[in-house]
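Residue numbers (my numbering), protein chains in the order written: chain S, 2 to 473; chain X, 2 to 473.
Some clues are possibly wrong.
Identical chains share a label here; the pair holds if one copy fits it or two copies do between them.
As the list claims (entries may be wrong) - The calculated DSS-like cross-link candidates involving lysine-lysine, where the alpha carbons are at most 30 Å apart (straight line), are:
1. LYS133 to LYS314
2. LYS356 to LYS379
3. LYS316 to LYS52
4. LYS464 to LYS60
5. LYS180 to LYS45
6. LYS146 to LYS316
Rather than coming from a laboratory, the hints here were simulated on the basis of the structure. The structure presented is a predicted model; accordingly, all values stated were derived computationally and were not measured.
Protein chains: 2
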Amino acid sequence: MPETKYKKTEDFNEWYNEIVELADLCDKRYPIKGMNVWRPYGWKLMSHVDKLTRDEMIKTDHQEVYFPLLIPESSFKKEEEHIEGFGSEVYWVTHAGLNKLEERWLLRPTSETAMYPMFSLWIRSHTDLPLKTYQIVNTFRYETKQTRAFIRVREIHFFEAHTCHVDFKDAEKQIKEDKDIAGRLFQKLCLPFILSKRPDWDKFAGAFYTISIDVLMPSGRTLQLGSIHQYRDNFAKPYEISYEAEDGKHKNCHQTTYGMSERILGALIGVHGDNKGLVMPPEVAPTQVVIIPIIFKGKEKTVLDSCDTLYEKLKNNGIRVHVDKRDITPGNKYYDWELKGVPLRIEIGPRDVEKKEIVLVRRDISEKKSVSLKSCVKIIKEEFRSISEDLYKNAEKFLKENMHRVKTVEEAKGLKGIIELPWCGKEDCAMEIENILEGNTLGEPIEHVECKNVCPVCGKPSKTWMRYAKTY
Amino acid sequence: MPETKYKKTEDFNEWYNEIVELADLCDKRYPIKGMNVWRPYGWKLMSHVDKLTRDEMIKTDHQEVYFPLLIPESSFKKEEEHIEGFGSEVYWVTHAGLNKLEERWLLRPTSETAMYPMFSLWIRSHTDLPLKTYQIVNTFRYETKQTRAFIRVREIHFFEAHTCHVDFKDAEKQIKEDKDIAGRLFQKLCLPFILSKRPDWDKFAGAFYTISIDVLMPSGRTLQLGSIHQYRDNFAKPYEISYEAEDGKHKNCHQTTYGMSERILGALIGVHGDNKGLVMPPEVAPTQVVIIPIIFKGKEKTVLDSCDTLYEKLKNNGIRVHVDKRDITPGNKYYDWELKGVPLRIEIGPRDVEKKEIVLVRRDISEKKSVSLKSCVKIIKEEFRSISEDLYKNAEKFLKENMHRVKTVEEAKGLKGIIELPWCGKEDCAMEIENILEGNTLGEPIEHVECKNVCPVCGKPSKTWMRYAKTY
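Construct the entire structure; sequences and hints are all you get.
Shown next, in the form of structure tokens:
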């Protein structure tokens, strides 16, 4: 039985680094730093998250596509801000076999510059719009900061939706839909989040504006899980994505993107886990229920048969279930499955078989109860709902307790989490506060909030609130 | 309505090149040759094929993993034959941002050299064996020959299973299992295939032996869809993949791999299609049934309601169904869905609604019949079975008619398809025949077949049959 060296409640960062490997999510020993191996348990978890994303895409009429990984340097360089933003963090392919390529190709850091030359060919008329596509692929970024599994890696499992619209207004509708998608998706993952409109100097390279999706980690740092971008026609112009309108005029498309990454796993691990290991939300748990036979001599067959029958019953009811028949003690089995965060454990011993009962144990609160075999499917599904609700509530409570709206830098100092301060709108003032708080700007709240105060730096009237936090 | 320029029965290769784009499977206009864009319809088709593969992997206890795309040059160079075989066709990443990398990295052409250094860490004891893993990823090969969608591309959608075993015998059991998997999978795809043991000079770089999975395309050329490799301990030695046996001794693992690629789509398109377009086997058809309302003035609502009701009914019965309500003529709709190869078309007009009937049209044989609404689910599912059987039978008939076992080169000349000739076992003799027939060696039949003849080149007694064909 492996031992956990670190406690989440004592040293979150070390606990995190340890648990991702102990729980068999990934292996960090691959010989390229920041490129980790996805082990079966981690890959299953990611696949379940991808499944939820795909369900949302189907529901909102997005079509899945796949664009090549490699992008010619000339396609990449068409939008000026974009190349400035990404130029220093892309990987270059320069040779094929023994030959030098005529033009260098880069590994996609994101797919705007792969897709948009094609969109320019695909879109002719207003009847081709809106174009709503997405892909789930790996992207590559040359990270120079310290890497961390799922949170800061160099090969990134990535979701990216790209849409084209007749005008700004229709693109804005898409932004609204994206926010709704995030709401539904992160509810299922039990991850409350905040949406912030990034300041101009920190928006996506080429965007008109950027909304970031952030969660608060137990360390008090925020983790950005995704972003929604309004491009206006910033890319449509250089990539010539235009259409013939109903009145016969040629117009540029307006575009949006919505991106999320494997950081979602980082948040699932960090927000829900505890000192015993992972705690998986039932919606995405690779195994939702584990059955542990409690065997006494002479009663083996009765108990194992009963476990098998229950396994079939749960499986036929759409529950992801596993029977652990390994030849080790039940205690060791409990330890393993707690580490992996399986939401519900079922124990079945000879007396349970006699009484036609099972013992249900919740991973999140260790609550134990006997329930009748007959009604167990219904009860298990209720428990799933209840676990999800509790995970969400706990995370929401933590988020609320650690969001502070204050008026002066003095009040802000020493506060943990997300801090909102009045802001006049000038970059210099925000930078000054970043320095004092040793944090980063997250952006303004996206809903309009009255802020009749003064900027704590320059003393001029404030236009809005600005959020600051230490970030991953 | 787009027009097909080429007929499959007249110019197969041009028909193929045209249909992959007309049917919206891919777009070949991406600015890097041999790297095509997967359009939604093509991607869905590939996803359905992947789903069948994953089902087989689950059934046989393989675990899905994901290994990094990039491989350090030093990991790649550990197995001599392997680097010789692949060295000239890999892409090299040499720079990150503005920096030159200390060591070059290559894009995976296949993942042996990414996985095996890790397997060496994962495997300690005989209890860790067998290790059965797989991944579905893109691989990259610098093709210098002419590219062709799905058949010869430079970014390849790829399935690769990698297994480790205690000894050669256990690895041989895996080869048997792989052959069974291929049998079940290609049955569902209605693709009869042949298995050939590759000659030594043409086996996978580093393998002990290689079995290839080939189908015969309508052009008379074979298309290799996959291969199964027995590695013995050829890789285990340089990569130090060993384990402690029950008797305490340290031994090398024996390994196998099983690979398949997007060429499966090439075969689906080529083998089943016809002059009207694709013909999709029901198991993987992105849309299995399309409903076309036949609308007459005044009856629109009745017909459309009836279509919607049927749509819900079929969907709830697990059928992938679409209602085409576009404002174009039924004839144009037929044309579109025939091009895309949807297995069954349903037509519903006012008289059908009155009679509580629908008209069913099979894509493969254009057979039309009226069936009662009440029993239509059952009949549709029977039609799916019947279509699959017919597609398989037709392909099998073609394969059988075009496999020729002859004794002399004279008899072989001018024959189309796959030719089997007696073979003495020497490379030179096989090469001589390759030259005469302008074809390639496929390999020996994997089941032992008596061949008491003489080699048609050197006149010495033949050991076995050798297969030759023109290949893609």
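Going through the hints against the structure:
For the identical chains of this complex, LYS133 and LYS314 are inter-copy neighbours only, at 28 Å across copies versus 40 Å inside a copy, given an alpha-carbon limit of 30 Å. With identical chains, the CA atoms of LYS356 and LYS379 are at most 30 Å apart within one copy only, with a shortest distance of 19 Å there and 43 Å across copies. Both within a single protomer and between protomers do LYS316 and LYS52 lie at most 30 Å apart by alpha-carbon distance, with minima of 19 Å and 19 Å respectively. Proximity of LYS464 and LYS60 under a CA criterion of 30 Å is satisfied in neither setting, with 38 Å inside one chain copy and 61 Å between copies.
Within a single copy, LYS180 and LYS45 get their C-alpha atoms as close as 26 Å, and across copies as close as 26 Å, so both meet the 30 Å cut-off. In this homomeric assembly, LYS146 and LYS316 never come within 30 Å of each other (Cα to Cα): the closest approach is 44 Å inside a single copy and 49 Å across copies.
In the structure shown, a violation is registered for the earlier hints numbered 4, 6, in ascending order.
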